[in-house]
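Q: Following the hints, put chain B in place on chain A, whose structure we already have.
Sequences listed follow chains A and B, in order.
The numbering used here puts the last residue of the first sequence at 540; the count rises by one with no breaks.
The numbering used here puts the last residue of the second sequence at 349; the count rises by one with no breaks.
The hints are simulated quantities; they were obtained by calculation from the structure and are not laboratory data.
Just so you know, even glycine gets a beta-carbon here, dropped at the ideal spot from N, CA and C.
One thing to keep in mind: the hints can contain errors.
Simulated coverage check for chain A against chain B, where a stretch passes if three residues somewhere in it have a Cβ under 8 Å from a Cβ of chain B [stated by the list, open to error]:
(1) 399-410
(2) 435-442
Calculated lysine to aspartate or glutamate pairs in the EDC-like style (CA-CA distance at most 20 Å, straight line) [as the list claims (entries may be wrong)]:
(3) B:K66 / B:E40
(4) A:K298 / A:D326
(5) A:K485 / B:D20
(6) B:K263 / A:D467
(7) B:K303 / A:D326
(8) A:K193 / B:E217
(9) A:K487 / B:E206
(10) B:K213 / A:D495
(11) B:K235 / A:D467
(12) A:K445 / B:E317
(13) A:K485 / B:E206
Where chain B lies over chain A, by a calculated footprint (3+ residues, C-beta under 8 Å) [said to hold, decoys possible]:
(14) 368-382
(15) 464-478
(16) 482-494
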Amino acid sequence: MADSGVTDEPGTKDDVHRAKTEGKELSKEEKQRLRKEKKQQKKNKEKKDEKASHESEKKKNKEEKPVSAAAPASQPPTQPSTQKAVPAPAPVPVPVSETPALADKPAKTKADLKAERRARQEAERASKQAATSKPKAPPNELQPVVKRLPEHVQVDNPGVLKKLAKKLERQQTPGCNAATNAKIPLRLDYGYKVSLFSHLHQYSRKAPLTQQLSIPSTVIHPAIVRLGLQYSQGIVAGSNARSVALLHAFKQVIRDYTTPPNEELSRDLVNKLKPYISFLSQCRPLSASMGNAIKYIKKEISNIPSQCKEEEAKRKLLSCIDCYIDEKIILAAKAIAKSSIEKISNGDVILVYGCSSLVNHILCEAFEKNIKFRVIVVDSRPRLEGREALRRLVQRGISCTYVLISAVSYILPEVSKVFLGAHALLANGYVMSRVGTSQIALVAKAFNVPVLVCCETYKFCERVQTDSFVSNELDDPDDLIVTRKGKTQLEHWQDVPSLGLLNLVYDVTPPDFVDLVITDLGMIPCTSVPVVLRVKNVDQ
Amino acid sequence: MPGPDKETDLTERIEAFLSDLKRGGSGTGPLRGSAETARETTALLRRITAQARWSSAGDLMEIIRKEGRRITAAQPSETTVGNMIRRVLKIVREEYARSRGSSEETDQQESLHKLLTSGGLSEENFRQHFATLKANVIEAINELLTELEGTTDNIAMQALEHIHSNEVIMTIGRSRTVEAFLKDAARKRKFHVIVAECAPFCQGHEMATSLSKAGIETTVIADAAIFAVMSRVNKVIIGTQTVLANGGLRAVNGTHTLALAAKHHSTPLIVCAPMFKLSPQVGRLSSLNSQFTICISGEILSKVNVHCPVFDYVPPELITLFISNIGGHAPSYIYRLMSELYHPEDHEL
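Just chain A, with the same shape it has in the complex (with noise of 0.2 Å):
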């Protein structure tokens, strides 16, 4: 064996330029190969695979090697079936193939050697293939991205659900005692699903999620477990707001991460993160804004380089997170609010829905520019945020007035612009956004007003989406509950089997209600956000 071995290596460098010539056509011919036969080897292949992994294991993993160098992507699926099959560990090839070309051996043998090795290698990898079904696609910069479909849309498939619970269990930081109840607890729904929506979550909110936890919570950080407690009740909410809370909460995890021995700073930070990542989605399913923010971060740890000291790599990553969010939320608002002003005039009457940070910052800003304008702001039910618009509005001085979505069709005569805010927008052009708002865009659509939608690059996203049921958000079904002139008619609306509660939390604008998108890069129409997300992607 040792022999043998050792002949190998003067041979490598031809077997890799013959491999990376003929690896592909092998791998056409093979397939056809292959259709012949997988049924004749499906039970020949484990007795082949032990015997040809046994005899030339040192052989295999060699010509691994140059073969990937030719086809890299077809290397994962390969190598862990011949891991599977070698009972022995395998040996490292890269030591055996960077060492240089020993003594001097026969050349006639080893033509013959490696007609034989080629031969054998063959039959090898077809019966490899047999065993795994994977293409080997090359790698191409348009390689169609099969995404996987995220688990809060997949409420209604019980085997994605058994995963869930499952990987909850299964994240727990290294060192911790399996004794003491140290796992994220998966959160039940509540009462009656709409049957159109049964795919998707919908939690109570008087059951929070913390209620499960131990105290004090070994996995989750407790900067964290506010947030989620902040989240699930409602007092951190917009889009703005959460992610901001969420990169406080994750610079103060990282001030107090330490690096355990043996480990490195940029591997297991980010998995120290994904626990808590698990925990606030199931507090309330992450914003498109929060997705963006998480990936800068994991993308910013794994950078760090594996030199660097940790007082160093965590002063880095902290005046990364303070980076991000001047650059992404106040710099934007400001560059958003100067394009804005520009649209407002004087004796402007402005309609605004529900709060949005960016539009009431918007207005603040036309005022002090001494603009004179009124806003009239339109809430719905149940969460009547525009109460909270409509007080910093009115704090600044500015003029309002005050209607609900119902009377949106008779406020509207009167109205001269509607400024929306988004919660993301879509990569088709869609805006999704609190529910309400196509409404309002529709109408004024209906009366010609100009309806424009204010939104920060960071929240665009790559997803698409046509209506608003695929991908939602079912909020506390109680909350539409209401009593009016002391009787209060669905307070036992879970003992009634035919009557559901709908409380959806976002809905999708088509972007031909939209005349304008005014982000930090500009204003665009709603139909440009795929280029400008196409500009961001080369850009990073």
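A: Only chain B this time, still in chain A's reference frame:
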């Protein structure tokens, strides 16, 4: 003496009716449905016909008009009262014409030809006295009352022609007519109803509990979600407060948005309205309600204007079909129906 007693009794009843109307409108008294108001108005008019002192049709019409003006002034937004008064006036005219023996041609319509040719004939002063007029008028009013009692049932009988199985139907607020319509269809068909709650009074909640108790799958949504769920709705069925002469509606707050959303998704909008809701008046389109329950803190409430309209105007282009007790009609036919119910001279009381 029977005469003055009858008079005082009559005035008492009229006063009681007026105060009921005023209380009902301001929200302090019990809320009455329009059908009930229509029946009570007609009953009151029958009493006036029976007990008031009049000698000719013209006198009767004068009395009715006078009382009618008072009653409509008490509660202008309750249009059924005015409608019933005009119906009774039309009945009086018809009975008078029949008693006089004039031909059955409908001479109500003003046409250019008639204006030019029959200058004097149109001046009927209704001064002739007919002994049987009283009895005829009262009999005709009784027929009207029977018709009023059967309106909801007549509309509900047509339900199965319009609702098929596994439909998703959307409605807004609370309408007794629509409730009866849906419950009648539910006896034979299975379908799903989505009710928009219609803030701030949230009458949709009552509608939903009532429908779900009848075994219909019901879902309550907030007003803000109307457009979001409209893509899955097959039909929109609503009631209304008044049907206007051009085929438009004066309906509860939020109906215009619902109609626009239905138009955007090309969903048919069906209005269940009995004939007594048809009104020729073009009064204020929406009245504002003072009882608006919101919780804004006091210090900003003083600096803020709050609007709470009660009714919405829905133009006829957004409506697909009217279902009334005499059948189904397109909005473009409403003007014709109105000309059959009311005399043009009565449009202004």
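Q: Starting from A:K193, check that the Cα of B:E217 is at most 20 Å away, please.
A: 12 Å, holds
Q: Please check whether the region 464-478 of chain A has three or more residues whose CB lies within less than 8 Å of a CB on chain B.
A: holds (count 3)
Q: Can you confirm whether the C-alpha distance between B:K263 and A:D467 stays at or below 20 Å?
A: Holds, at roughly 17 Å.
Q: For the region 368-382 of chain A, do at least 3 residues have a Cβ located nearer than 8 Å to some Cβ of chain B?
A: Our answer is that it holds, as 3 residues pass the Cβ test (under 8 Å) against chain B, meeting three.
Q: Hinted pair, alpha-carbon criterion (20 Å max): A:K298, A:D326. Please report holds or violated.
A: With Cα atoms ~18 Å apart, A:K298 and A:D326 stay inside 20 Å; holds.
Q: Can you tell me if the region 399-410 of chain A counts as covered by chain B, using C-beta to C-beta distances under 8 Å and a minimum of three residues?
A: holds (count 12)
Q: Tell me if the straight-line CA distance from B:K213 to A:D495 falls inside 20 Å.
A: 11 Å, holds
Q: Under the criterion that the straight-line Cα-Cα distance not exceed 20 Å, is the pair B:K235, A:D467 satisfied?
A: 18 Å, holds
Q: Closer than 8 Å Cβ to Cβ for three or more residues is the test here. Does the region 482-494 of chain A pass it with chain B?
A: This one holds; 5 residues, not fewer than the three required, reach chain B with a Cβ under 8 Å.
Q: Quick one, are A:K487 and B:E206 close enough, alpha carbons at most 20 Å?
A: This hinted pair holds, its Cα atoms lying about 10 Å apart.
Q: Holds or violated: are the alpha carbons of B:K66 and B:E40 at most 20 Å from each other?
A: The given pair, whose Cα atoms are some 18 Å apart, holds under the 20 Å limit.
Q: Run the distance test for A:K445 versus B:E317: straight-line Cα separation, threshold 20 Å.
A: Satisfied, since the Cα-Cα distance of roughly 16 Å is no more than 20 Å.
Violation of the numbered hints given earlier is confined to hint 7; every other hint is satisfied by the structure.
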